[in-house]
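Top to bottom, those sequences are chains A and B.
Our numbering numbers the first residue of the first sequence as 1 and each following residue consecutively.
Our numbering numbers the first residue of the second sequence as 875 and each following residue consecutively.
Because the hints were derived from the structure by calculation, they are not lab data.
Given the structure is predicted, the values throughout are model-derived calculations rather than measurements.
Incorrect hints may appear among the rest.
Pair by pair, the computed Cβ-Cβ distance ranges are [unchecked claim]:
no.	chain 1	residue 1	chain 2	residue 2	range
1	B	1519	A	591	33 to 39 Å
2	B	1417	A	846	55 to 61 Å
3	A	844	B	1424	38 to 44 Å
4	A	591	B	1065	56 to 62 Å
5	A	529	B	1455	26 to 32 Å
6	B	1659	A	844	51 to 57 Å
7	A	481	B	1659	33 to 39 Å
8	A	478	B	1417	47 to 53 Å
Mimicking BS3-like on lysine-lysine, the simulated pairs with C-alpha atoms at most 27 Å apart in a straight line are [unchecked claim]:
no.	chain 1	residue 1	chain 2	residue 2
9	A	808	B	1693
10	A	717	B	1656
11	A	782	B	1591
12	B	1267	B	1203
Among the chain A residues that face chain B by a calculated CB cut under 7 Å, a handful are [to be verified]:
no.	residue
13	652
14	656
15	661
16	707
17	745
18	749
19	775
20	784
21	788
22	790
23	792
24	805
25	822
Built from N, CA and C at the ideal position, the CB exists for glycine as well.
2 protein chains.
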Amino acid sequence: MTKYVYMFSEGNASMRNLLGGKGANLAEMAGMGLPVPKGFTVTTEACNRYYSDGQHIAPAIESEIFESLALLEEATGKSFGDPARPLLLSVRSGARASMPGMMDTVLNLGLNDVVAEGMTKLTDNRRFVLDSYRRFIMMFADVVMNIPRLHFEEAFDRVKVKAGVHSDLELTVEDLEEIVSEFKTIYKYQQGEPFPQDVRHQLILAVEAVFRSWNTERAVYYREMNNIPSHWGTAVNVQEMVYGNMGETSGTGVAFSRNPATGVNELYGEYLMNAQGEDVVAGVRTPLTIDCLEEQMPDVYRQFVDIAEQLERHYGDMQDLEFTIENGKLFILQTRIGKRTATAALQIAVDMVAEGMISREEALLSIDPRQLDALLHPAFAPEALAKGKRIAKGLPASPGAAYGQIAFTAEQAARAKEENRRVILVREETSPEDIQGMHASEGILTSRGGMTSHAAVVARGMGKCCISGCSDVLINERTQTMTIGDKIYGPDDYISLDGATGIVYEGQIETRDAEVSGNFQVIMEWADEISDMKVRANADTPHDAQVARDLGAVGIGLTRTEHMFFETNRVFQFRQMIVARDEETRRRALAKILPMQQSDFYGLFRVMDGLPVIIRLLDPPLHEFLPTTEVEMRTLAEELGITFEWLRGVITELHEFNPMLGHRGCRLAVSYPEIAQMQTEAIIRAALQAADDGIVVIPEIMVPLISEVKELTFLNKVIRETADRLIAESGHVLKYMVGTMIEIPRACLTADDVAQEAQFFSFGTNDLTQMTYGLSRDDAGKILDAYYKAGIFEEDPTAHLDRVGVGKLMRIAVDLGRKANPELEVGICGEHGGDPSSIEYCQILGLDYVSCSPFRVPIARLAAAQAALRYPRR
Amino acid sequence: MTKYVYMFSEGNASMRNLLGGKGANLAEMAGMGLPVPKGFTVTTEACNRYYSDGQHIAPAIESEIFESLALLEEATGKSFGDPARPLLLSVRSGARASMPGMMDTVLNLGLNDVVAEGMTKLTDNRRFVLDSYRRFIMMFADVVMNIPRLHFEEAFDRVKVKAGVHSDLELTVEDLEEIVSEFKTIYKYQQGEPFPQDVRHQLILAVEAVFRSWNTERAVYYREMNNIPSHWGTAVNVQEMVYGNMGETSGTGVAFSRNPATGVNELYGEYLMNAQGEDVVAGVRTPLTIDCLEEQMPDVYRQFVDIAEQLERHYGDMQDLEFTIENGKLFILQTRIGKRTATAALQIAVDMVAEGMISREEALLSIDPRQLDALLHPAFAPEALAKGKRIAKGLPASPGAAYGQIAFTAEQAARAKEENRRVILVREETSPEDIQGMHASEGILTSRGGMTSHAAVVARGMGKCCISGCSDVLINERTQTMTIGDKIYGPDDYISLDGATGIVYEGQIETRDAEVSGNFQVIMEWADEISDMKVRANADTPHDAQVARDLGAVGIGLTRTEHMFFETNRVFQFRQMIVARDEETRRRALAKILPMQQSDFYGLFRVMDGLPVIIRLLDPPLHEFLPTTEVEMRTLAEELGITFEWLRGVITELHEFNPMLGHRGCRLAVSYPEIAQMQTEAIIRAALQAADDGIVVIPEIMVPLISEVKELTFLNKVIRETADRLIAESGHVLKYMVGTMIEIPRACLTADDVAQEAQFFSFGTNDLTQMTYGLSRDDAGKILDAYYKAGIFEEDPTAHLDRVGVGKLMRIAVDLGRKANPELEVGICGEHGGDPSSIEYCQILGLDYVSCSPFRVPIARLAAAQAALRYPRR
């Protein structure tokens, strides 16, 4: 038979799934002999049973609760509802993961008129009893019955005004009598029945309220945002009350065992005397910092410091504690791993290793890799942010913070840069043509597209702040306006973007620069020592490559050559190539691009001296390089010296119904082998030139979008003939590799064949995910909204590597590929290469490296180390 | 060591891959003791070796050839190049599959001036020798040296004119001397060296020429068209000459053991006396029908009839024979399975079973299922076709033949129908809006789109002739013209389409109707007895369903409900639903469509009484139901009573970058569950209504485009709640099923989960193939051209189920699905459901049924039987 209730003495920290975080830790502390008020936990399984029974607490559970209550009465020598020796309870929710939005706490449960009388006699402290009773009525009404708190707060204030006092401590016993009486009246009026005097009924109602709060809108929303499955459920902790409001030697507080902002090893917290829990956070009175306790109650302080240290050592991490002092006696009400800033996380990790408290491995596992982002990008100064006016919210597509005037086109942005003005590029969505404008901007805001849209991907690559898919924003490029709600913004207006949260602010909010500490380097070195996988970067320019190398990348996993074609002086030649009707003209245009590409590659090789560089052949469909409006077409036709009709003909011919499944990737190279030849020539010539200058370079030429091995066979020949000829002519010895992206399901399914023609595989999980799901990221917006609402998805399915679907294809590809070609180098260069959960799966798959945008390299290095620790290969 | 040459006595029919079809059959006949001239075969492996050696015959092969030649000399008692007892040879190519486009034959090889003299002495027949020599020079010059035949033919004609004769038989010895001398001069002039007198050199050159001919442009083209791998190679057959040109008791001919046009069991062929092989087909003289031989040479005739019967019995099929009579002695030069019309194929199969010659199983395997198409569709009368003028060629998208005037829009076609005019609908491509116009037309011609474009798929469904992707045709809808080359056609002009070949003809070519014989029914019944898989049909209307049922479909595998929405009176309501901004308005519009859908389904159920009917929920993206041009938008906005801006807003919102990967399929139903509710209601109400009328119906509701099981969980609930409520209200007992299309890679990869929510799977391999390849069929045209040229694809990769890629996903889906849900019904309803090769793979996968367009049902029934015979499940 399932056991639904556990005494603290029956549990421990490992039973988190069953008892919730709070309950498990209370049990653990009780086991350690720490001063924890006695109590028991109703399990998460009871919560699930409550829902599967149609929101009803089964008799079996109810009787288990009362059996445990009886044990509690025995242990405390008190009796629930007994005025002679009353037992009061605190009832608190506690899920596996800490979860705001759920019912938190009901204190002083078990009070009623009779018990209150009894307690007064017992304590001879009528004031304390009334204070407890008024708190209980309000909390019960609020969190159990959903009666708005406001009614009680107003009544409370009325009495304070009438009494002419400011602090609740100044209220007399008579004032409190009036408040309690008033509160009961409000309760009866709002609820239609008197405040319940049956204490056992109070308890069951409170337990049920905790269960119900698991599914409030706020809780559900929080779970969706944080990827917490709804089947986890919440536990309920029922504990003997201890009283911080018994008088001047009582109090309550919260504290961290180390400073959560800086990581410095010092107790950090605050407390209030003569108060109960919620007073500290509610700001009724101003709390004192924890240091003051050392003076006020030195013994209690010393005891608390000892307990904090003991718990830190016990859990091997910084603790976040709640405590209460009852008549000079200390009780610990909660302990948990403390949240902290990125800076603090690093400091604490490094310190604790130095203190011999944890191992390097444990230190690495204690840091959330996603936090590192904050260290690498500018952020808003908190004081400036507090004054900011939020005007819209989109997707947090690329971290960092920025402000500037609005630029509606890439050209405007470029012009502003020349004038030394800071601008935010605001567009419906960006395209490769906007690259220069994106470079010139402080940040990018788009009204369409998701976390993996063009804007998002490119911005992350540039380390620039970006908010995408901000559908609150209506953009009119023609009138140069952006409308949010009923307010219209123009090119002179300033806005500020917080790329970490997706929030758009009005006006200028000052930012402060990123700063990387020595701890950062230490942690990164530890990570690299432990990782099985290398971390490379996706970089298209020497500048990006340098950033990546500085942040610890040990190679380039993806150079997108098409970005090079969009530069103003080159796109003209490239367009000439596209509109050419014969190979001869195409080759002439390509010949002009060759030296430029060669110098691009040379620049990359110089920065990456000694490291491998993967260069991908031209990937996007050709129509992306041509204009779409008639005006632009007419201009371009004139520039190119062809008729408008000719150009329009070319553009019509290039039109595609589903460009994502169209004429791009290696399909371009098959149609126009001269492009692949030119690019190979540029790569090899650059490598030879670099070799002349003493630079060691290992170019890896990557063919995109393979779906059939014969494509690769064909292009391998084209590439190798060109490369081998140039190398032979040069007299140099140059090693180079030819490999392929694995980004089409069929490439995975036939990876054994493909691997015979490839020296390396690089998973392109952006496209692979879209094709495996049959879902285009550019069109997913509206679909996903409906899916969240229907509870089908809890987050964007492309956010992390989908292990059950896409992951299965990758598993097939790795297994078939390695079997057919044991020398095969396998990596990933899609967006997932910088995502910790995805990196973990790459470790499981046995990949050789991950490649991500330069600013995510540190995250990837840490995530790779954590993955190696969690899923060791040896 | 590889053996490259086999004497006929060393071979047999099973060695086809090594010896080629011709060589294997010659060896087989030799083994049977039939009068076959002695000889040997140089293997296909020798051909491959020739190519891998850089087009060079290795000394090892050359010496094996001469060793075999020595054996042949010994066996014949003749000597190659020896004027005293000259051995002459015939050299003929012979691949595994009969392959036009390759070098065929060189006769009389081994002749030179000296040998000619010797033969004259030996035979005392100077005329015969000279006739043989002139033939040899010309054939050798033509097929071995590529000297245009024309030069020789002109010289031959000049001598005939000079001699004043018409037939070559009338030429005198002197005339022939002159011809031989002339031929040698032409040879020397053209080739720059004298006609080779070294007979061994002649032989090696001829063998090499056969090998070379494997890779001529024509041969490569034929292989591509017929899916013959280039690594098969060709064999070379070297045989002692027998002479049909020795005089009036000699001759040569070809004959079929049964009539290849009708299948009647009678010898069918023709022959020429005093002639060599090529004369029969070349039309130099008019051949006699084979019956005449009975009078002319009754013994030879009887012997030939006996041999034909013997061979037919031996091979169990109708034979196509070549023979030569030398001085009254019969020789068989070749036998092979004879090609035949569809009518003949059925007749022969049924007859041979009746004759006890073959089993029913063998009979079924003897018929090419694709041939059945010809029986089900009208065809051009051959005599009319012979006079037709070909003006363009596209893809043979849907079989049949038709003529009519040109209609450029669906409306024109509909109007013409009302006026009782026959029209061909000519469009760049068709869309669902054209359905009615397609119905009204005799045939459809499109300038874009492939074999699986909208036009192709719908036309096949309708059993209407269609040519798609005919890029020779330039269509201008505005000016109502169609341009081919420099000729312009308008609405008054007639064109004719042959859907079986893809050829467009000018003017009207008379057609003759399809006729289905009793043999057809017999074969179909045999097929059904043997098949493991059922054959259902894809049908959207009662008419299509009736056609399908008449052709033997035992259920509907796919009803596309969207076609119902396109009908003029409904599309208005449907558009109102689309432009609605709130659920309430959408529901109102849907409520008006409900009774219409219900009556559609009722109609289907009535026709399919007693059989299962799968109905798919709405699938296409909503923008397909809205216009694209401003003019149409303005009209529609007015009709709908909304502003133009509103409508344009809706259309802009619905725009998608990749509609194929966008908001369609079950994603619509998730966004608008009210659509799924309405459709479910229509289906269940129709089924209940049918039940009232005593009709037995098993509706299977199919959810399209599942990529994640939770989609199905969500929609299952929507569907079942609606259905169960209606059924409960009705008081009837009604069984229905809910299942899903499997058409997204992820659905295959997670089929174990999906199968827990589905009662049936139906593979949608059109979309599955596109997503697995990452290739959109609408955009594939230009890409495929380049791929054929590069030798990467030999045919459209979507034509047949791709077993190594898509097939692997299907295998995963079937295995996971059946394991998770052993009751799961699994079928296929994509285009591949009517393709024999794909049906074979479905048998291998263990599918329960295939579903195809009505007119392909017979093909599928036969293909399913063949598949069951080739890959038995038990």
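- Task: List in ascending order the numbers of the hints, as given earlier, that are violated by the structure.
- Result: Per hint list: 1, 3, 4, 5, 6, 7, 12, 13, 20, 21 and 25 violated.
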